[in-house]
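Q: Here are the chains, one letter per residue:
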Amino acid sequence: MSSLTIQDRVLKVIATSKRLPLESVQADGSFEALGIDSLDRLNILFDLESEFDIEINDEEAKQIKNIHEMVEGITHLLQAKTSSSPSE
Amino acid sequence: MHRVVVTGTGVISALGHNTAGFWQSLTTGTSGIREIENIDTSQIRFKHGAEVRGYVPEEYFEAKDISLMDRFAQFAVLSAREALAEAGIEWTQTLREETAVITGSCLGGRGAEESGYWELFHNGKSRVHPLTIPLSMSNAGASHICMQFGIEGPAYTISTACASSAHAIGQAFWMVRSGAAPLAIAGGSEAPMFLGGLKAWEALRVVSKDTCRPFSAERSGLVLGEGAGMLVLEPLEAALARGARPLAEIVGFGMSADAGHITQPVATGPSRAMKLALRDGSLAPEQIGYINAHGTATEANDRIETAAIHSVFGSHAGKLAVSSTKSMHGHALGAAGAIEAVSSILSLRHGILPPTANFLTADPACDLDVIPNQARMASVEACLSNSFAFGGLNAVLAFKAFV
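Which chain is which? The protein sequence lines are A and B, in order. If you're matching positions, the first sequence starts at 1 in this note's numbering and goes up one per residue. If you're matching positions, the second sequence starts at 1001 in this note's numbering and goes up one per residue.
Bound-form chain A, shown alone (with noise of 0.2 angstroms):
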């Protein structure tokens, strides 16, 4: 698990969503050209938000056109969570 990439579980996460073979979903993919409509990103959404355990806000979500800005955008929730996190 910890051998995979933000991007590897972000790919794994929008092809097991949509039920695509993860070999068609590619880093430089558009939603459009996956036929990813507004309920899918409703769905890729929320299994994102279980996977890596962060809040991705309506309004940020929105920009999102692809997974390159997704990747991007969860990374740095990701940053933002630990640095904000107290040390355990």
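Heads up, some of the hints might be wrong.
[To be verified] Residues of chain B placed beyond 12 angstroms of chain A at every Cβ, according to the derived structure: (1) Arg1081; (2) Pro1182; (3) Leu1236.
[What the hints assert, rightly or not] Simulated DEER-style distance windows between Cβ atoms: (4) B/Leu1360 - A/Ser38: 22 to 30 angstroms; (5) B/Ser1311 - A/Gly29: 33 to 41 angstroms; (6) A/Glu60 - B/Ala1378: 38 to 46 angstroms; (7) A/Lys12 - B/Gly1196: 24 to 32 angstroms.
Note that these hints are calculated values from the structure, not bench results. Just so you know, even glycine gets a beta-carbon here, dropped at the ideal spot from N, CA and C.
Dock chain B against the given chain A, drawing on the hints supplied.
A: Here is chain B on its own, set in the frame of chain A:
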């Protein structure tokens, strides 16, 4: 075929507990959207709602009745009580046996269902409250109206999400018009302010974090509301014969299904419903002076609804006034169509068009005259009230001023 008039209206909403308070707020552009008070929103990403405030069931119902009615059923009975009082119906046994009661609700008493299941799901209890089923069934509103007023005719409930009560009023209108019922009470009620329900709306990412700004470039989603609206419908000749005062005439009803996407609207379904309502009411598009829009303030609805209005009305779309009163009473889901029908009727009766409140700047994709922020004095001959549901089910009502 009878001409059908509205002789009574009742409303309970974030804009007060009766029609007078409702109309006062609408015509002054006063929004009832506030921070949600009745439930703890600490687990919810949005904080605003259009709640019925200062509501104390004991002020309206006997204690024995309260325990049998979920909030949504109480709202249904209250608004029916107000509408019947205004209509001044004098009951005979025959009239009781033939009067129709048709209500709409999206969620019914799902709040009671949540409470009923709470102990089971969270606290390891094996028992559920014995009234969970009768409290939560969606027809409870219709049933309690029948019981409270001794009405024994055809009674049922329609659940088409955000179009529920528009479908209910349309059905009742057709029943009275055809002679199938000599009188009908129709409308809808909703009480969606419970944790599970609000969390489900949150997950759809369509609820605004601040307020409801229909047709505005800054719109950021809908704001949930609660309440009820009811109409009393009867044949014109019956109303006049008993000396009742028609508030408006209901002339048309159109419905359609998008058959497209479960949540993403398209313009063709709403367009067809509007055209069918015009045809059903023998109305030319130019006779319509005002549309009470579905106007949820989601990005998609307002853009699609604008396109649909353009496609139905052509150049007349530029002369129409269109407003979304959801900016003030919130989106009361299954009650929305009825609450907005009351607003439409009062607009015709008083010659005042309520505004789209909370409006900031125009969106080029919503280029209609949306009556921003200030009510307008305008006598219009006829109006439409639009309701478009998730699931792509559309219902449009047409009303004419009674002069």
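Q: Give a verdict on every hint.
A: Hints, one by one, checked against the model:
no., hint, in the structure
1, Arg1081, "holds, 39 angstroms"
2, Pro1182, "holds, 45 angstroms"
3, Leu1236, "holds, 45 angstroms"
4, B/Leu1360 - A/Ser38: 22 to 30 angstroms, "holds, 24 angstroms"
5, B/Ser1311 - A/Gly29: 33 to 41 angstroms, "holds, 34 angstroms"
6, A/Glu60 - B/Ala1378: 38 to 46 angstroms, "holds, 42 angstroms"
7, A/Lys12 - B/Gly1196: 24 to 32 angstroms, "holds, 29 angstroms"
Violated hints are absent here; each numbered hint is respected by the structure.
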